[in-house]
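**Q** Residue numbers (the numbering used here), protein chains in the order written: chain X, 1 to 173; chain Z, 174 to 346.
To be clear, the hints were calculated from the coordinates, so they are not data collected in a lab. All figures in this text were calculated on a predicted structure; none of them were measured in a lab. Be aware that one or more of the hints could be misleading.
The following label-pair restraints were derived from C-beta to C-beta distances [unchecked claim]: (1) Z/297 <-> X/51: 29 to 39 Å; (2) Z/185 <-> X/145: 47 to 57 Å; (3) Z/185 <-> X/11: 53 to 63 Å.
Ideal Cβ placement from N, Cα and C applies to all residues, glycine included.
Protein chains: 2
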Amino acid sequence: MDSIASTEISDQWMEAALNQAKDALNSGEVPVGCVFIYKGAILASGRNTVNETRNATRHAEMNCVDQVLKRCQDKKLNPMHIFPEIIIYVTVEPCGMCADALGQLEVKQIVFGCSNDRFGGCGSVVDVPKMYSYPYNIIKGIRADEAIGLLKDFYKGENPNAPSDKAKRKKTQ
Amino acid sequence: MDSIASTEISDQWMEAALNQAKDALNSGEVPVGCVFIYKGAILASGRNTVNETRNATRHAEMNCVDQVLKRCQDKKLNPMHIFPEIIIYVTVEPCGMCADALGQLEVKQIVFGCSNDRFGGCGSVVDVPKMYSYPYNIIKGIRADEAIGLLKDFYKGENPNAPSDKAKRKKTQ
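Make the full structure from the sequences, and use the hints.
**A** Written out as structure tokens, the structure is:
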């Protein structure tokens, strides 16, 4: 029963991360979404904002990190005590920068959807946690097909989620 | 003559980075300092602020990145056109996170002082630019002894630069 409950929870949080990725897709960003779970609830949720900010480092994970830091500042909490309790759900394998940042912040666990053969920092291109002996646990492959599907939609230039004028025109034709 | 001039320029910018590192030391931070050079002038300068911010990712390089982004925003410039012209002088080898972030931002060159056998991401622990085929050029070993000296002072808990009350008391005894 425990393992079933645990899987259900994983699906719930990955669902939330996938919704963030869909939001990225609808905004013309590479569709990667992420949520940070703290004590069984979402503490931060975010998505890729690289195009919007013209800043190549504004990945979903980094946006969530900044949200946590802001919340800690507002509530006068020490982020160094919060991050080690955080479990991350992200639709795509973190890049080297994010994998390293999350290691330095000492997060507890990273759950990701699909691997990233070009930029993956959790084993695909570089195994950052292994090379730096970061203690976080990694679970991969959770709803990977959906994460890949969103990336394919982005790179095809199609977006089945957006009720765009184009799609509407097609329907009415 | 060109190479002498070039060395002189390197020294000047590394001197500025070392001054930032000294400022970090005087503030109780791991002494790492950095300057970003754009078109022959300092566009950003910063130091480690990990303890002050309680954020393990506030390295000197990341603080400079944020300064550049702020300046670009203020002057309505596209940072994606600015970073590829930037040469970085940093007193210590960038970690994996910074090496990767600077690669994604497509900076032109990184000049660093001493290597970092524990966290170095430009060859010492992980060779991020090689593994991700980042195009930036790396020059290392510029005034390395001074960078190491500052780190040693920090880890010894001594700070010969700060005119502390303790030092003053010693002098007057």
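**Q** Quick check on a hinted range of 47 to 57 Å for residue 185 of chain Z and residue 145 of chain X, using CB atoms only.
**A** Holds, at about 55 Å.
**Q** Honestly, do residue 297 of chain Z and residue 51 of chain X meet the 29 to 39 Å range at C-beta?
**A** holds (34 Å)
**Q** Residue 185 of chain Z and residue 11 of chain X, beta-carbon distance inside 53 to 63 Å?
**A** With a Cβ separation near 57 Å, residue 185 of chain Z and residue 11 of chain X satisfy 53 to 63 Å, so the hint holds.
Violation of the numbered hints given earlier is absent; every hint is satisfied by the structure.
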